[in-house]
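Colleague: Okay, here's what each chain looks like letter by letter:
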Amino acid sequence: MENTQSIKKRLKSISNIGKITKAMELVAATKMRRSQEIALASRPYAFAALDLLANVSLLSKNDLSELLQKRKTKKVLFVLVASDKGLAGAFNSSIFKKFEQSVKKESWRVRPSKDLEGPTLQTAQTAQVENFYVAVGEKSFNYLLKKGLHVVRKFTNVGDFTTTEQVQPLSDFLVEGYLKGDFDKVIVFSTHFRSALKQEALTREMLPITFNSLQETVREIIPDKGKFAEMIKEQNISFVSDKSKLPEYLIEPSAKEVLDNLVKHLFFMQLYHLVLEANASEHAARRMAMKTASDNASDLGQALNLQYNKSRQGAITNQIIEIIAGAESLS
Amino acid sequence: MKLSIYSLKKILFAGEASLLNCKTVMGEITVLDNHETYIGVLTAGVMKIVETPFGKTQGKEHFFEISSGFLEVRDGNEVRCMVE
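Going down the list, the sequences are from chains A and B. If you use the numbering used here, the first sequence corresponds to residues 1 to 331, in order. If you use the numbering used here, the second sequence corresponds to residues 1 to 84, in order.
It is possible that part of the hints are untrue.
Said to hold, decoys possible - Derived, one-sided and incomplete: chain A residues facing chain B with beta-carbon distance under 10 Å: (1) Y249; (2) L250; (3) I251; (4) E257; (5) V258; (6) H265; (7) H273.
Bear in mind the hints are in silico, worked out from the structure with no lab data behind them. Beta carbons are placed, not taken as given, at the ideal position from N, Cα and C, and that holds for glycine.
Produce the entire structure from the sequences given, and follow the hints as far as they go.
Modeller: Structure representation (structure tokens):
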């Protein structure tokens with residue numbers, strides 16, 4: 001049987017670990033709630049902006065903003081949104097797994113074939129597709145480096161709560177690069193916050209912007225289950241509303257310029273929300289990981305406690321036997 | 001008019017207002033009751049709102065500093081702004 005002293009030492013260190021993980025769990029839970037609230041606060045803005053986009057895009061039918069136009073895919077930019085810190089369970093690895101899976105499947109190259117050319121032409125084209133990578137979060141940067149992939153830029157130190165100022169550089173970088181033609185398609189890997197207990201990795205084509213992806217983002221601002229799920233209201237935003245019903249708008253400076261501007265804002269909003277959601281997911285994942293860790297610590301503590309008591313009991317019995325044996329030999 | 005001003009962080013203002021003054025790319029604009037439908041792009045500046053002069057609000061004034069945004073005057077005396 002193990003030494004009583006060493007068991008006591010282990011017991012103490014386990015209870016300390018338990019305390020730490022418990023504290024981290026509570027902190028993560030609070031942060032998760034905050035991030036969720038921040039994400040929900042941007043909802044009215046998103047609805048209003050989308051509504052406006054619907055109106056403006058109807059008014060300026062022929063000249064679409066460049067961000068909305070599809071072009072031949074030659075260069076693809078991948079953005080991996082992960083966390084800065086570890087200890088968040090499978091949060092980061094699930095994103096990387098998703099990334100690897102879709103790289104293998106090459107699903108993003110098959111998709112545009114529907115509206116550009118036939119699938120046979122598309123496969124020939126994929127041979128010359130160039131890939132670039134952008135890392136958001138220290139962990140994804142490390143991952144991409146380890147894989148030996150070319151990281152164009154990294155955005156780290158987003159912090160516990162995302163602010164609009166922190167997303168701005170990323171958004172500017174993407175929009176500028178896209179307009180300059182540095183890349184023809186932007187695909188983002190991040191985490192969708194379904195509920196406090198469930199998060200899943202998701203892939204999204206951010207550029208060129210499509211109405212559907214924007215609508216999807218707005219819908220996803222509300223988590224599926226949990227505290228804020230009751231807020232779901234059926235919001236009808238249709239992009240095919242009757243033009244005749246639409247009032248005559250006075251648009252300054254011009255419909256095209258307004259649309260250009262609005263699309264940029266909406267793109268920013270979409271990105272902002274994506275990062276926010278990843279942030280909330282990170283906290284949720286960390287909370288779960290820490291909860292399991294503290295559960296394990298208390299289990300282990302109980303087992304060790306039993307072992308400690310047994311060994312103490314054994315030592316006492318031993319001593320008594322020795323005393324009795326001593327007394328008997330004297331008599 | 002019914003005025004609502006949204007930012008990404010929160011709803012800055014929602015309620016009845018009698019006047020809205022802000023800067024657009026074309027110049028300064030003041031929106032009063034029953035303005036015609038309008039869409040404009042806002043630039044950096046201060047946005048001024050005067051609440052309705054009767055009732056609880058008593059013509060209280062609000063000022064918001066904005067860096068960019070959009071202004072939409074809709075049908076039915078309704079105004080919406082998205083600002084940053």
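Colleague: Does each hint hold? Answer for all of them.
Modeller: These are the hints, each one checked on the structure:
1. Y249: It holds, given that the least Cβ distance between Y249/A and chain B is near 5 Å, below 10 Å.
2. L250: holds, 5 Å
3. I251: Check passed: Cβ of I251/A comes within 5 Å of chain B, closer than 10 Å.
4. E257: holds, 7 Å
5. V258: Holds, because the Cβ-Cβ distance from V258/A to chain B comes to roughly 6 Å (cut-off 10 Å).
6. H265: holds, 7 Å
7. H273: This hint holds: H273/A lies near chain B, its Cβ roughly 9 Å from the closest one there, short of 10 Å.
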